[in-house]
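Taking the hints as your guide, dock the two standalone chains into a single complex.
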Amino acid sequence: MIKLNINGQLTTLDVSEDMPLLWALRDVAKLTGSKYGCGKGICGACTVHIDGQAMRSCITPMSYAKDKTITTIEGLSEKGDHPVQQAWQTLNVAQCGYCQTGQIMSASALLANNASPTDDDINNAMAGNICRCGTYPRIRAAIKLAAKSTNNSNGETS
Amino acid sequence: MIKKVSRRKFLQGTGLASGTLVLGVQFAPVFAANHEPMSFSPDVFVSMDETGQVTIISHRSEMGQGILSTLPLLVADEMEADWQRVTVKQAIGDAKYGSQNTDGSRSVRKNYTKLKEAGAIMRTLIQQAAANVWAVPIDQVRIENHQAIYQNQTIDFKNLVKIASTLEVPARESLKLKTEAEQKYIGKPGMKNLDAHEVVTGQAKFGYDIEIPGMKTAVIARPPVVFGQVKSFDASETLKVPGVVKVIEMPALTPPAAFKMLGGIAVIADNTWAAIKGREALKIEWDHGSNASYNTKDHEAVFIQALENPKEVVRNRGDVEAAKKDASKHLEAEYHVAGLAHATMEPPAATARINGDRVEVWACTQTPQAAQGNVMATLEIPKEKAANVEINVTLLGGGFGRKSKPDYVAEAAYLANESKFPVKVLWTREDEIKHGYYHSPSYQKLSGSLDVDNKVTSWYHAMVNHPIGATFDPAAKLAGSTDLGQGDMMFDVPNIKIALGETDTFMRIGWVRSVTNINNVFAASSFADELAHLAGQDPKDFLLQMIGSDRIEDFAADDFKYSNYGESPEQYPAETSRLKNVIQVAADKAGWGQELPEGTGMGIAAWRSFLSYIAVVVKVSTDGNKVKIEDIHMAVDAGKILNPDRVKSQMEGSAIFGTSLAFYGEITAKDGAIEQGNFDSYQMSRINQIPEIHTHIIKSDAVPTGVGEPGLPPFAPAFCNAIFAANGVRHRRLPLKNLTLV
Numbered sequence: 001m002i003k004l005n006i007n008g009q010l011t012t013l014d015v016s017e018d019m020p021l022l023w024a025l026r027d028v029a030k031l032t033g034s035k036y037g038c039g040k041g042i043c044g045a046c047t048v049h050i051d052g053q054a055m056r057s058c059i060t061p062m063s064y065a066k067d068k069t070i071t072t073i074e075g076l077s078e079k080g081d082h083p084v085q086q087a088w089q090t091l092n093v094a095q096c097g098y099c100q101t102g103q104i105m106s107a108s109a110l111l112a113n114n115a116s117p118t119d120d121d122i123n124n125a126m127a128g129n130i131c132r133c134g135t136y137p138r139i140r141a142a143i144k145l146a147a148k149s150t151n152n153s154n155g156e157t158s
Numbered sequence: 001m002i003k004k005v006s007r008r009k010f011l012q013g014t015g016l017a018s019g020t021l022v023l024g025v026q027f028a029p030v031f032a033a034n035h036e037p038m039s040f041s042p043d044v045f046v047s048m049d050e051t052g053q054v055t056i057i058s059h060r061s062e063m064g065q066g067i068l069s070t071l072p073l074l075v076a077d078e079m080e081a082d083w084q085r086v087t088v089k090q091a092i093g094d095a096k097y098g099s100q101n102t103d104g105s106r107s108v109r110k111n112y113t114k115l116k117e118a119g120a121i122m123r124t125l126i127q128q129a130a131a132n133v134w135a136v137p138i139d140q141v142r143i144e145n146h147q148a149i150y151q152n153q154t155i156d157f158k159n160l161v162k163i164a165s166t167l168e169v170p171a172r173e174s175l176k177l178k179t180e181a182e183q184k185y186i187g188k189p190g191m192k193n194l195d196a197h198e199v200v201t202g203q204a205k206f207g208y209d210i211e212i213p214g215m216k217t218a219v220i221a222r223p224p225v226v227f228g229q230v231k232s233f234d235a236s237e238t239l240k241v242p243g244v245v246k247v248i249e250m251p252a253l254t255p256p257a258a259f260k261m262l263g264g265i266a267v268i269a270d271n272t273w274a275a276i277k278g279r280e281a282l283k284i285e286w287d288h289g290s291n292a293s294y295n296t297k298d299h300e301a302v303f304i305q306a307l308e309n310p311k312e313v314v315r316n317r318g319d320v321e322a323a324k325k326d327a328s329k330h331l332e333a334e335y336h337v338a339g340l341a342h343a344t345m346e347p348p349a350a351t352a353r354i355n356g357d358r359v360e361v362w363a364c365t366q367t368p369q370a371a372q373g374n375v376m377a378t379l380e381i382p383k384e385k386a387a388n389v390e391i392n393v394t395l396l397g398g399g400f401g402r403k404s405k406p407d408y409v410a411e412a413a414y415l416a417n418e419s420k421f422p423v424k425v426l427w428t429r430e431d432e433i434k435h436g437y438y439h440s441p442s443y444q445k446l447s448g449s450l451d452v453d454n455k456v457t458s459w460y461h462a463m464v465n466h467p468i469g470a471t472f473d474p475a476a477k478l479a480g481s482t483d484l485g486q487g488d489m490m491f492d493v494p495n496i497k498i499a500l501g502e503t504d505t506f507m508r509i510g511w512v513r514s515v516t517n518i519n520n521v522f523a524a525s526s527f528a529d530e531l532a533h534l535a536g537q538d539p540k541d542f543l544l545q546m547i548g549s550d551r552i553e554d555f556a557a558d559d560f561k562y563s564n565y566g567e568s569p570e571q572y573p574a575e576t577s578r579l580k581n582v583i584q585v586a587a588d589k590a591g592w593g594q595e596l597p598e599g600t601g602m603g604i605a606a607w608r609s610f611l612s613y614i615a616v617v618v619k620v621s622t623d624g625n626k627v628k629i630e631d632i633h634m635a636v637d638a639g640k641i642l643n644p645d646r647v648k649s650q651m652e653g654s655a656i657f658g659t660s661l662a663f664y665g666e667i668t669a670k671d672g673a674i675e676q677g678n679f680d681s682y683q684m685s686r687i688n689q690i691p692e693i694h695t696h697i698i699k700s701d702a703v704p705t706g707v708g709e710p711g712l713p714p715f716a717p718a719f720c721n722a723i724f725a726a727n728g729v730r731h732r733r734l735p736l737k738n739l740t741l742v
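Protein sequence lines, in the order shown, are assigned to chains A and B. Residue numbering for the first sequence follows full-length UniProt numbering, starting at 1 and increasing by one per position. Residue numbering for the second sequence follows full-length UniProt numbering, starting at 1 and increasing by one per position.
Take the hints with a grain of salt, since some may be wrong.
Cβ-to-Cβ under 7 Å is the rule here; a few derived chain A residues that face chain B [as the list claims (entries may be wrong)]: (1) D27; (2) G37; (3) I42; (4) G80; (5) Q89; (6) A94; (7) G134; (8) P137.
I should point out that these hints are in silico values taken from the structure, not numbers from a laboratory. Just so it is clear, the structure is predicted and the values come from calculations on it, not from any experiment. Where is the CB? At the ideal position from N, CA and C, for every residue including glycine.
Chain B with its partners taken away, still in its complex shape (with noise of 0.2 Å):
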């Protein structure tokens, strides 16, 4: 219920103009006393103040997604707020948001109804503030544009502030959500990047801008293979470079690595500059430990061998042998996709201040929160002192998963606490590209069969990688995860089976953007398009019949056990019928069957990851050795769509990171160490390679999905299946290293 009150109350109230109602999604407020009065916590994503001012809380990291610009739309839009008069503010890691961390392309729907029913709640408080003061129903009065309208009357919310902020906060049950037709923000296009002023004028501040008085710059040596030491240093020259101030060896890393520092020695200046020449200048005897004897080149056989005996099957249905047994037609292939660095055009940057029990960060961090527990793990903080650990969130120069790795923030606060400054840690690309979190090198086995009609009557996809879970668990040996790409693909096949191999692990495995989508929708995708060209068949009708009948997939049905990203079948099922519209959609919008030039070709591949359903056409011309791509078209399903530009800005996107991991993306370890340092070693697409992209967005009322990520696993396999239909030639091996991308 809410309360009335009286008119009389109202006009007190609003005379003294000092309120400010905050209020939060989740119910049962409690009091903070170190917040301004009026406060409540926990769970607070909106407040406005007596000036009508509305702050919106964006507690998820902004790292190009959008996300800054697009979550307060749920707010703003159910709220009736006017977005001029709207300020959003970063948030900085703590618990009371739910969980912060952005990773996995859930932002959106992990927070969709949350953030409408805070808008909805504030609207409903002004609307009976307006009522109570007209003294008239509240279905009566009508909410617009940051004003309360009755009849002929209106009232800025501004005034409305003080006698709302009196009322009981309704049920969450009882909220009225705005239907479509009633949105103003959500779904339309042409909203602006709340940040493209600062971004464009150099004022936006990235985690390698941070500067705070008395603060020093440090990089660190690392040991060049992972769980290696220092044996002996000597700093003598690397303390006559002017502006080196301190040197602090860092504690080893022991297993498991997570997000523990890696090690080495740090050099800490008053710039930049000295703390590079410093650590040029340091002479470092390194024990590299067992991971030493890891070379890429060697592991290959080992792979291969364990490709071969696969320890687990996770899914299967009928019996796949028998199927070969009968089959007309059975091919055979394998694939191999590199190691991947994230390669974050910033760098891993934190900046740590230490003040008594008091810690401060700033960072480019995709997880505050993990950042914050890692902080109180190195500082040895216990956990009832979280809230004297405070991280904030700066503007993260990408992150594709690097960044919700928290070891460089570790590092910045143990450096702060040893050398008693304020340091900023910075990461050269060097150290970004040799200490990452890489993504596995993978081999992959398919195999198929058709029948006399060239119906597909099995599907076999094994798989092995360095696993995950390694990093986490020394013992960790199992590849993964077929939950990505490969378990969970919908062709509509009797006979499956999907495998996994094992394997030990020599340096730190993380989730780069789609995780092992990259690989497995890459192999999985070829196959198919390779399973076409033996049947004889356009390979985008070949597609849409392997998926088959309008239906959803029961993964549970062949005793998979599959994740679905951590969401309900019921909620999020696996719908055929919108995996193939995209399909269609981007071949039709891409001119797929046109007659094409000697030498051009087109390719298709379609996958539903991170809930969503991409289908990708390529084009291109090839002559020779050369290929450039001439077209891309991307078609996206990813239920009901906040802000049509970001959806399409991440389309471009995932299509130019596929671009250099196909062409470019190879990480590779010779006695442990990573080989490339750079982007001359690692390289990265350019303009002149990257042709229109044109993305086409299926109108949907189904919830919202992810769309960070699923737009990157169908591009690869697109593009190769396009050389082949240019020049017959199949490429089955990422990167792709004979061709030149012009």
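Extracted from the complex, chain A is given alone in its bound form (with noise of 0.2 Å):
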């Protein structure tokens, strides 16, 4: 038994220490929002916030998840309108979506540590996660989107 709190809930689950983090959160606790894409932590699709801190969980044993914080794209907010997703829909930035919760996980957490990234801070952040469909430019601008919106609700100029 693994305890652990995921977006918001306190969440024991039965489950052995070596097993990945993602297959928890997908088979076990059915949260299946985070992708499989590797298993190696080398596309990003897995990607969730542990301890608020964007992390590969098809690489994160539940050994290291345990009693941590973690919170994934069904957590990400109340009711799907973080800026990220929002700015995701109206750009239309996804393909087939399969790598897009990934992406907005990474593309949140870069956001949370940098309010105005440029295109070489998002290239940075970004660069984990694979689109094999082809919407980086679209993720570019879209988390530029989310910040320009975020920042002008905070009353910053953007």
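Listed below in structure tokens is the structure:
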């Protein structure tokens, strides 16, 4: 039995310590928004926030996730209206959509640490997330749009 | 004729409010006993219930091209439905919808008219129903945004459902389709993806995400070499892994591979991790079979020999050899493109549940009907019981042709049947890369002659690859396909020879996005650029000159049996004017001809594929072995455009797919087994390597054509032509192993 906080809820999962967090989330907690893409931490489809940091859940064993605070795409916002989620819809970013939850988790972690990222900042933060359909230019634009809308609503100039 | 119904009868009808009007776009509707009352079948695309809610069936698979958000526009627009009152429903696999095979970039062109007609039938019936209510001629009733309007009166669609459902379905020939000016959704920018909110909140369901009660998860250890077999295995350690419930030996694969299961040992477990760990614990001795003799590296010599001795000339005009003798300048070049894997972000996945003689499947499939047929063949279910096999289509996390090959669906059905559990088969990334249906490695030889005026007088293009045909017929040796990027070249050259070589095949070969256009157009468009430089002319101007006069290309005149993507040349002619136009537009928008800094260059390529005309201009800067893509412009003429934003996204995706294959795409076999296995050994381009991509859509009244694939073929050659322009180095082999993309 491993205890951890998932999306604000204290949760106990009956899984082995070596099970990657990704499979615990998907198969046991039934949260399938985090995706499998490579199992090696090189594509980013499985990205979640662990204690606020964007991390690859496919290579994070439950022994590490134990007692930590996990945010998955399902818990990023209550109504699915995080500025990044909104910007993604405004710019019709997704094609197949499979990698996008991981992209959004990486993007939201970036913006939490850097309110006005430059193109280079975005490229550095997002280079670990593969999109095979080819949505990279729109991802860049959507992150900038999300930053702008957040900064505007905070009364700052963008 | 549409029956008139009295106003009194109409009012009675609406009072009951129980009707559902379901229309098919084919006539002779057949009542199906197991459907809701008043449902019609087959060919059912649109229905409306008594609340006025319209349901439109999307019978093609959504894999990122936006078809779920695009095809229904045709119906909704034509029937003047309020988009807010439309529900789009994914069809199960059923022959009543016609072909559901979502590949070949043809969903729009194959369904454009029939879906518009479905909408028009609904509109006409609503209009007639309203006319009957008001007792006025039908042409005095206007239909707009879910309302029938007569003078200052309106009736909502919901109040016309019942009466409309009693009317005779109008004949297709009698329908009046909307003019372009009357369209509300079709061709308009800013249409939102229907599944956007589900995608960004993690609620969208892909094949990998299916969960049904009592389900187990399976992964399979497949033979490393195609047609290899299990000699012996020991599952004792596997069965000790907590969560593993069963180990099942799969039937061995025999030729032809087709869509059959690959064989191997399946591990069935309570969760994915247990299945993966259980598979790792298997001890298997393989008989690798005869394909173990295949080494990609060694086969190069076989390919080259086949290339030098082509077996079949498929297009011939004039005398290429004579032209060479008379030439002022002559050039020969050989090109190579490596084997490629699909690498869909979501690897193949399928779930099956068997209950008595009923089989239910949930799968990310591009072709639910082929999946249905494959399940029936695997479980030996007779044809007449097709209705017992239900294929539910999930969202697809990418397709690119991989998911039109339903071998994985057969695996799920087989394991559900053998284990007596509902089973979800998941392919890991390694499974996907190592056990694919690959784009074949290819070798190509081109030669061309110039006369004293630097006009091209001959064009020779020979190609050899492992043919896709060998996957279905082991005797197939002749390379394919000339129709895709080789024989279909539209250069006005007096002497042409297009030839194919033959060779054996040692792995499963399949179609990957744009198929042999990838290698053929790379070679042909690179060679066109080489000839331009040989002639000392601007590559864009030279390309326009080679294409020549405005005309419809007559391939048949050269005894070339060109399939034209299965369409008639009358309806979908190959028009040189349209090809030249996209070249000019892409060049103009990119600022072609401007002075560029040292080490920077632009390259151009253009081709007609999937009946669409695409030109690409790429700008790169180089620094030693480092290459940076500075800018990409794409011009696309795909006839009438339904959803401009999704056309743009397909062009963006094609350029990025092209970048990956140009830089990294290389599948190789050693002793018959694929050497690559994940995104470390089979890399993809990343966000930091991709600049802005500008798409320029040509406004056209021509019949709509494809956009999923045709953006890809011209990208790699435009890119390599740009590198040549930047630093004078010509690259004839993909991937570009000695360069670093920054």
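Given A/G80 was flagged as interface, is its beta-carbon under 7 Å from a beta-carbon of chain B? Interface hint status for A/G80: holds (4 Å vs cutoff 7 Å).
Interface hint check: A/I42, Cβ to nearest Cβ on chain B, cutoff 7 Å. Holds or violated? With a closest approach of 5 Å, the A/I42 hint holds.
Chain B contact restraint for A/D27 - C-beta distance below 7 Å: holds (4 Å)
Can you verify the interface hint for A/Q89: is its Cβ closer than 7 Å to any Cβ in chain B? This hint holds: A/Q89 lies near chain B, its Cβ roughly 5 Å from the closest one there, short of 7 Å.
Can we keep the A/A94 interface hint, with Cβ of chain B closer than 7 Å? This hint holds: A/A94 lies near chain B, its Cβ roughly 5 Å from the closest one there, short of 7 Å.
Have a go at the A/G134 hint: is there a Cβ in chain B nearer than 7 Å to its own Cβ? holds (3 Å)
Against chain B, is A/G37 within 7 Å by beta-carbon distance? Given a least distance of 6 Å, the restraint on A/G37 holds.
Once the shortest beta carbon distance from A/P137 to chain B is found, is it less than 7 Å? Holds, about 5 Å.
When the structure is compared with the earlier hints, no violation turns up for any of them.
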